[in-house]
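2 protein chains.
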Amino acid sequence: MARTAGSDGSRTEAAIRDAAVELIARHGHEAVTMRQLAARVGVQPAALYRYFPTKEDLLFTLMREHMQALIAAWRSARPNNDADSIAALTAFITNHIRFHLERRHATHVSNMELRSLSADRLETILALRNTYETALRHILRQGADAGLFVIEDTALTAMAIIQMITGVIVWFRPDERLSVDEITQNYLAMTLRLTGAGAPGSNIYVRQDAEFRTG
Amino acid sequence: MARTAGSDGSRTEAAIRDAAVELIARHGHEAVTMRQLAARVGVQPAALYRYFPTKEDLLFTLMREHMQALIAAWRSARPNNDADSIAALTAFITNHIRFHLERRHATHVSNMELRSLSADRLETILALRNTYETALRHILRQGADAGLFVIEDTALTAMAIIQMITGVIVWFRPDERLSVDEITQNYLAMTLRLTGAGAPGSNIYVRQDAEFRTG
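These protein sequence lines map, in sequence, to chains A and B. The opening residue of the first sequence carries number 1 in UniProt numbering; numbering runs sequentially from there. The opening residue of the second sequence carries number 1 in UniProt numbering; numbering runs sequentially from there.
In isolation and in its complexed conformation, chain A is listed as follows (with noise of 0.2 Å):
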């Protein structure tokens, strides 16, 4: 549907999404009626179908798009020369947990509502979940073959550490007691010291029987 940027029907199908992605995250895809969204908008539910057909299709949009802007924004934050492994690690958290905490209800829609899709789209959310888990599995594989890292198993590797930096979004109000930088770098000294490369200055405790590979 091309609209002019800023004309009525882009402001509409703009508050449609916002309003969806709020109910969703509050009541659940399935609870949620496209006449209670239309109401929550301020529009008759005709015209929420006219941009979405169906509840299915908002949904798939608002998850493909979710998908699509943190691939996106991925781009743009990795490194032009990825030979340095840990910068980035460092540039893959740093970008993670910005754009998740900018969009939390949209993460809590795209997190719990795969269960809502037909199998088509399902198919279509998880290759671009795959694509994006893939950037981090090459960043992993990659320090690990420089003896950066120690990986012991990679796919299991990768779904800690987005589990790990996801889970953010549930416990942060931006009333929180650290800033978004102050919980990046927190998370970012953690994820190091898990994949074997320890924070600069931290202070690395080391059983006797380790092997030791130094920098």
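In case anyone wonders, no lab produced these hints; they're calculated from the structure. Every residue gets a Cβ at the ideal spot worked out from N, C-alpha and C, and that includes glycine. Heads up, some of the hints might be wrong.
[Stated by the list, open to error] Examples of chain B residues lying across from chain A (beta carbon under 8 Å, computed):
hint, residue
1, H27
2, D153
3, T154
4, T157
5, L194
Starting from the known structure of chain A, fit chain B onto it as the hints suggest.
For chain B alone, coordinates are given in the frame of chain A:
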């Protein structure tokens, strides 16, 4: 409602709980109706109300008992001598992963449906969560005091670990290439590195500017 264990009543109640957990995990609490639940269990809707006067009573019971069972499981699993922080953390991770993998649907419900609780019931569930998370914070603090762990922020580290290890339920399937024990070993190695304590035999990369303490 005191009933003889194994009586028709207690079997019906157990069937209601099992069906409710599955339906809520699939559709979201708000979308599930008592009528739909009764049909799934094979009883009249009126029979449900004898056990759970409202749908929220049922949800609250499921969420409260989930947390109580988790706390009880941890009390059985924790080492008698809590002076060994690495053993305590190992027991915590192992218990947490096993408990949640055995209750994937109930864990989804517990994580997603805080939004559906009234304020006083939400407070009860959050207090139980806090009791459980305090156990982990205690382990982390004790280990840091003993010089075994590197913890920048105890509360943040506890949240990060819990979200990372609970995340296993999102992707784990019984036909997974790794067994529960292998997954637990993997997550344990990552957690020990994250907390600054390398897993036995792990190949720790140490920056040249780091300070060392050996066990």
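Legend entry - Structure versus earlier hints - violations, ascending order: 3
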